[in-house]
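Kindly generate the complete structure, drawing on both the sequences and the hints.
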Amino acid sequence: MILTALLPSSISASTQFNGEPRSYTRFNLTQNMEGENSQVEMKLSSDMDEEVGGNGVGEDLNHAKEPYVVHKPAGRTPKNVCFMVATVLLIFIISYLIGYLSHRKTELAPPSCSRSTFEESITEDSVKMEVDPLMDWKDVKSLLDQKMTASSIESAFSEFASESHQAGSAGDMELANKVLGRFKQYGMHTWTDGHFVKLVDPPASGSNMVTFKGSDLGELRGYLAYSKTGTAKGAVLHGNYGQMDDLGKLQDKNIALDGRVLLVRSGKISFAEKVANAAKLNASAVLIYPAGDRQLGGSTQLFGHVHLGSGDPYTPGFPSFNHTQFPPVQSSGLPSILAQTITVNMAATIMKGMEGTTAPAGWVGVGRLGDDKDMVTVEVNNVLSEKLINNVFGVIKGFVDPDRFVVMGAQRDAWGPGFASSTVGTSVLVELARAISDMVKNDGFKPRRSIVFASWSAGEYGSVGATEWLEGYLSSLNMKAFSYINLDGVVSGFPTFKASASPLMYTLIQRTLREVRLRSSRSSDRISLFMEPLRLNDPAYPFITFSGIPSVSFRFTTEGAEYPYLGTLDDTRDKLYGATSNQVAKLAVSAGQFAGKIALRLVHDHLLHLDVEKYIRQIRTHVVAINSKIQKLQSMQPQVLPKLLSVQWLISATGSYSRAASSLSNEIDNSNLEDVEMCRNINDRIMSVERDFLSPYVSPRETPFRHILVGSGSHTLKALSDHLDALQNDQSDADADLFRIQFALATWTIQGCANSLAGEVWSIDNMI
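In this note's numbering, the protein residues as written are 4 to 771.
Don't take each hint at face value.
[What the hints assert, rightly or not] Here are the simulated distance ranges between beta carbons: (1) 705 - 236: 26 to 36 Å; (2) 561 - 759: 34 to 44 Å; (3) 651 - 759: 20 to 30 Å; (4) 296 - 236: 26 to 36 Å; (5) 649 - 300: 52 to 62 Å; (6) 388 - 631: 28 to 38 Å.
[As the list claims (entries may be wrong)] Straight-line C-alpha distance at most 20 Å; calculated EDC-like pairs for lysine to aspartate or glutamate: (7) 449 - 142; (8) 721 - 738; (9) 390 - 177; (10) 252 - 728; (11) 252 - 375; (12) 355 - 375; (13) 201 - 705; (14) 236 - 358; (15) 721 - 740; (16) 721 - 276; (17) 632 - 733; (18) 646 - 733; (19) 635 - 740; (20) 216 - 358; (21) 144 - 728; (22) 501 - 562; (23) 501 - 535; (24) 271 - 296.
These are computed hints drawn from the structure, not numbers from a lab.
We treat Cβ as the ideally placed atom computed from N, Cα and C, and that holds for glycine.
Structure, rendered in structure tokens:
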């Protein structure tokens, strides 16, 4: 890792309580400052004794008590000189000790010799103050509304718009310096971290190529990062959107995918999921073209990635720092087959020449599926290269719990202009930093906790910059960060508002949205909320499923039609203004107010507004489905699952979590908000929920998305349900013994979360 901003060591500051100075030091290597000072004091006393010659002080005092007989006028005898020197030394020592003891508690902590860490960046120079924020919540909201204006957003658009700022490029670095400069201008504490990551570029010479029945389909400028390289040849087969349900319909027609080149349209699921689904059924390659509802031009090229994961796929589970000494390793999410995007016109050429059986009902726009004579050749020559990317950070430090923080982030890079995908989000991020910094400096707002602003690089490659940061600071982030707010693509249409989030944030999202009005010329009505499930390509996904940090993504969009230009070179300012009837700046203000009020609420109040009871329903839904399938399987196929397997374990663990969540809610209702330590204890228990739903029984490298409810892998409750379906259908990959192991581990993960939520060990409700 290259850390371009070294931070000074943390210091202690004194704050007056009841007339007595108290010293607090956060994130210092020497935590017990009282003990350290006592040792220093004793050492100084000993040193001073040695300087005057052993027991010299005591001897001089004894001499002072003896009477002097003067036989002649005093002169400068050796004895008199010795007495005078001893007296002066005694007065000096006593004065020094009095001065030292009176000022001992206000001394600064000794400077650290080590390089500053991420945690020191958050809490350094912070003062822990056991006082309430002076500002009423209504005043906080009003101030933010006043400071977020359309004119300031427009100015930010102009500053951060760029025609070329692909990850790791000079344009990307130029924008990084602009963001860093703005953070410093606002008086924020700033730092950066760098990662050497593997990114993919198009062929250095020539291009990728697709031929149909021997004819070249034309120039391909778009590409899919992390595709396997090489050449594949096979008969083309249309797979609709490439979902497993779509491919299942092909199998129902007795059409095998072995060796076929699958032609699919964009949408419904990510590019990576389409390719992974095809690879499962032994297809040789995948061609992806824009779906008809995107209404793109016939020659518009698509860009994206096909890594079924996030972060650098060549350092899975650990950060891509330049000093990392791991042997070469690859993510299990890298595709084993070729993948390439093509244009609408190219896809039309292929489909016109395809024969075979007719497409299943509901596959609008698809005629024939293709037969063995419809040969396609795919050649992918993308170049893998190592590049340095930099994430940029600024922090507004809290006044009570500075080591607890919310993170607001936006990607900075794009395939082309990327106005909707990166410019708008970066502008909103910087404007929120300006507004909240001004509230702290000029309006007397004192957040209890810290706010971290992050500008990520390599977001287009699968949240690479953000994920590398999470991997680099995993042990501290999931203990200190209580929420992540994603600002990518917050304006892509009008007037529908969609959000995807951790269930812990549902209540806060709903309440916050009621405080935001749609600032457009069409309507001043309140905004309607549509919640979506978290998906693999959501930038908030790794924060929840890898790090256990409650997160939210949101966007203004057009009802029934998504913004078509994401992932293309046509994502320009003009296109987005046209899609929103020139309301981009006003919508960005509303988006900023929504994100800002969530962040401010989380750092303003004594207790975190995260609803631990929201997970109860989600857990019960999975448990009911699993219970029903187990009972059915034991009844109809008792030889598959013995009746010794009881669902009661899972039901009991669910009950334990439900009781712990309800108990904490009651505790919150009856809590004394003036008790700082009690509030911190409750907040720590709330923060533990998302983290404790990460399965401790799977490897972060092999299975990075460890969350058992919204993650991905065989450890999840959804995977348990799917495994039961496989057992019932006698599929080859079904394993009853493996299911029982996964079942037991998932059960104990839920029970462990309940235990942690209950608080002290004597409060645990362990019914298993």
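Now for the hints, and whether the structure bears them out:
Checked against the given bound of 26 to 36 Å, the beta carbons of residue 705 and residue 236, roughly 33 Å apart, stay inside it. Remark: the range hint 34 to 44 Å for residue 561 to residue 759 is upheld by a beta-carbon distance near 42 Å. With their beta carbons about 22 Å apart, residue 651 and residue 759 fall inside the hinted range of 20 to 30 Å. The hinted range of 26 to 36 Å is satisfied by residue 296 and residue 236, whose Cβ atoms lie roughly 31 Å apart.
A beta carbon spacing of about 59 Å between residue 649 and residue 300 agrees with the range 52 to 62 Å that was offered as a hint. Residue 388 and residue 631 have their C-beta atoms about 51 Å apart, which leaves the hinted 28 to 38 Å range violated. For the given pair, residue 449 sits about 12 Å from residue 142 by alpha-carbon distance, which is consistent with the 20 Å threshold. Taking the CA atoms of residue 721 and residue 738, the gap is near 16 Å; set against the 20 Å cutoff, the hint holds.
This hinted pair checks out: residue 390 and residue 177 have alpha carbons roughly 15 Å apart, not beyond 20 Å. Only pairs whose Cα atoms come within 20 Å are accepted, and residue 252 paired with residue 728 is accepted, the gap being roughly 18 Å. Restraint check for residue 252 and residue 375: the C-alpha separation of about 18 Å stays at or below 20 Å, so the hint holds. The hinted pair formed by residue 355 and residue 375 meets the criterion: a straight-line CA distance of about 15 Å does not exceed 20 Å.
Under the criterion of a C-alpha separation no larger than 20 Å, the hint pairing residue 201 with residue 705 is consistent with the structure, at around 19 Å. Restraint check for residue 236 and residue 358: the C-alpha separation of about 17 Å stays at or below 20 Å, so the hint holds. For a cut-off of 20 Å, the pair hint linking residue 721 to residue 740 stands: about 18 Å separates their Cα positions. Taking the CA atoms of residue 721 and residue 276, the gap is about 17 Å. The hint holds against a cut of 20 Å.
A threshold of 20 Å between alpha carbons decides the hint, and for residue 632 with residue 733 the separation of about 14 Å falls inside it, so the pair holds. About 18 Å separates the Cα atoms of residue 646 and residue 733, which keeps this hinted pair within 20 Å; it holds. In summary, the hint linking residue 635 to residue 740 is supported, as the alpha carbons are separated by about 18 Å, within the 20 Å threshold. Our distance criterion of 20 Å between C-alpha atoms is met by residue 216 and residue 358, whose separation comes to about 12 Å.
At roughly 50 Å between alpha-carbon atoms, residue 144 and residue 728 are farther apart than 20 Å, so this suggested pair is violated. Proposed proximity of residue 501 and residue 562 is supported: the alpha carbons are some 10 Å apart, at most 20 Å. Of the pairs offered as hints, the one joining residue 501 and residue 535 holds, with about 7 Å between alpha carbons and a cut-off of 20 Å not exceeded. Proximity of residue 271 to residue 296 is assessed by CA-CA distance (about 12 Å); at most 20 Å being required, the pair is judged to hold.
Going through the hint list in order, the structure does not satisfy hints 6, 21.
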